[in-house]
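*Asks:* In order, the protein sequences belong to chains C and W. Numbering-wise, our numbering puts 61 at position 61 of the first sequence, and it's gapless, one number per residue. Numbering-wise, our numbering puts 96 at position 96 of the second sequence, and it's gapless, one number per residue.
No wet-lab data here; the hints were simulated from the structure. You may find that some hints are simply not true.
Any copy will do: because identical chains look the same in the list, a pair fits if it lies in one copy or spans two.
[What the hints assert, rightly or not] Subject to a maximum C-alpha distance of 25 angstroms in a straight line, what follows is the list of computed DMTMM-like cross-link-like pairs (lysine to aspartate or glutamate):
(1) Lys107 x Asp5
(2) Lys14 x Asp56
(3) Lys14 x Asp129
(4) Lys107 x Asp151
(5) Lys107 x Asp40
(6) Lys107 x Asp34
(7) Lys14 x Glu73
(8) Lys14 x Asp122
Protein chains: 2
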Amino acid sequence: MTVADLLDRARNAKVMIATAESCTGGMVVAALTDIPGSSDVVERGFITYTNQAKQDMLGVRAQTLDTFGAVSEQVAREMADGALAHAPVQLAVSITGIAGPGGSEFKPEGRVCFGLAQIGADTRTETIDFGALGRDNVRRAARDHALALLDTALS
Amino acid sequence: MTVADLLDRARNAKVMIATAESCTGGMVVAALTDIPGSSDVVERGFITYTNQAKQDMLGVRAQTLDTFGAVSEQVAREMADGALAHAPVQLAVSITGIAGPGGSEFKPEGRVCFGLAQIGADTRTETIDFGALGRDNVRRAARDHALALLDTALS
Chain C
1 MTVADLLDRA RNAKVMIATA ESCTGGMVVA ALTDIPGSSD VVERGFITYT NQAKQDMLGV
61 RAQTLDTFGA VSEQVAREMA DGALAHAPVQ LAVSITGIAG PGGSEFKPEG RVCFGLAQIG
121 ADTRTETIDF GALGRDNVRR AARDHALALL DTALS
Chain W
1 MTVADLLDRA RNAKVMIATA ESCTGGMVVA ALTDIPGSSD VVERGFITYT NQAKQDMLGV
61 RAQTLDTFGA VSEQVAREMA DGALAHAPVQ LAVSITGIAG PGGSEFKPEG RVCFGLAQIG
121 ADTRTETIDF GALGRDNVRR AARDHALALL DTALS
């Protein structure tokens with residue numbers, strides 16, 4: 001899978017994409033826009049680093065954040081659904097995790113939750129424990145997994 | 001200037017930061033969040049790749065886009081001001097440019113416009129013609145210049 005192929009598939013399917021990113025902090029949308037011509041596929045990115053931003057930009061509920069924590073499949077689901085609802089796109093991926101160093105919220109370093117929302121399909125969520133690979137490696141692994149999820153949705 | 005120093009200065013000044021990015025596609029907020037502990041300084045990023053996103057997320061006016069084009073100091077100003085208005089931050093940087101390959105809107109490849117908005121100060125804008133360095137190099141140069149603008153604002 002290359003990002004250029006992913007964009008071609010989206011372009012052929014007339015699918016526009018948005019990202020909703022927390023721990024990757026824009027790395028997914030930056031990777032998508034690395035490719036010339038990405039502007040006819042990549043619509044926008046919501047980089048919601050704080051809980052307030054997740055609520056304001058994506059409509060994540062305070063109760064969901066309080067009950068499950070920011071790094072949870074429940075929040076990943078609301079982030080992906082919120083991106084689909086708040087942007088003129090057909091496909092959105094969300095990423096929220098603990099890049100480290102150190103864990104938090106009684107969750108381990110390297111845990112990342114993903115959401116994939118698509119018009120006409122049920123929203124999917126997933127948790128991966130990448131482990132304590134170090135901040136850079138966790139972020140890169142999360143970026144690559146998010147790109148793979150988008151690719152799968154388009155295949 | 002290192003990003004870690006920039007974040008320390010913002011932290012000490014109790015300044016939260018947002019980015020409003022077009023051609024850099026999230027590279028500035030990704031660089032800011034590379035650093036552990038960035039979550040107490042980096043609030044959110046608005047990655048407004050399309051004109052629609054610039055209008056929806058940042059309140060850029062259609063008339064400004066029509067009159068001056070997306071790559072203009074006028075749009076960069078409205079993007080930076082919009083980030084300050086739409087996020088609980090004290091400092092925002094905006095980036096809109098032509099990463100290439102090829103120019104557009106009768107503007108040359110490598111032209112990037114920046115905005116810097118800060119509570120209690122006039123918004124500043126700037127245009128740099130980085131030249132036809134290639135997409136990756138233009139995007140990296142624009143990212144680094146945006147980080148330098150944030151650093152200057154905090155010095």
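*Asks:* Checking against the hints above, which ones are violated?
*Replies:* 1, 3, 4 and 7
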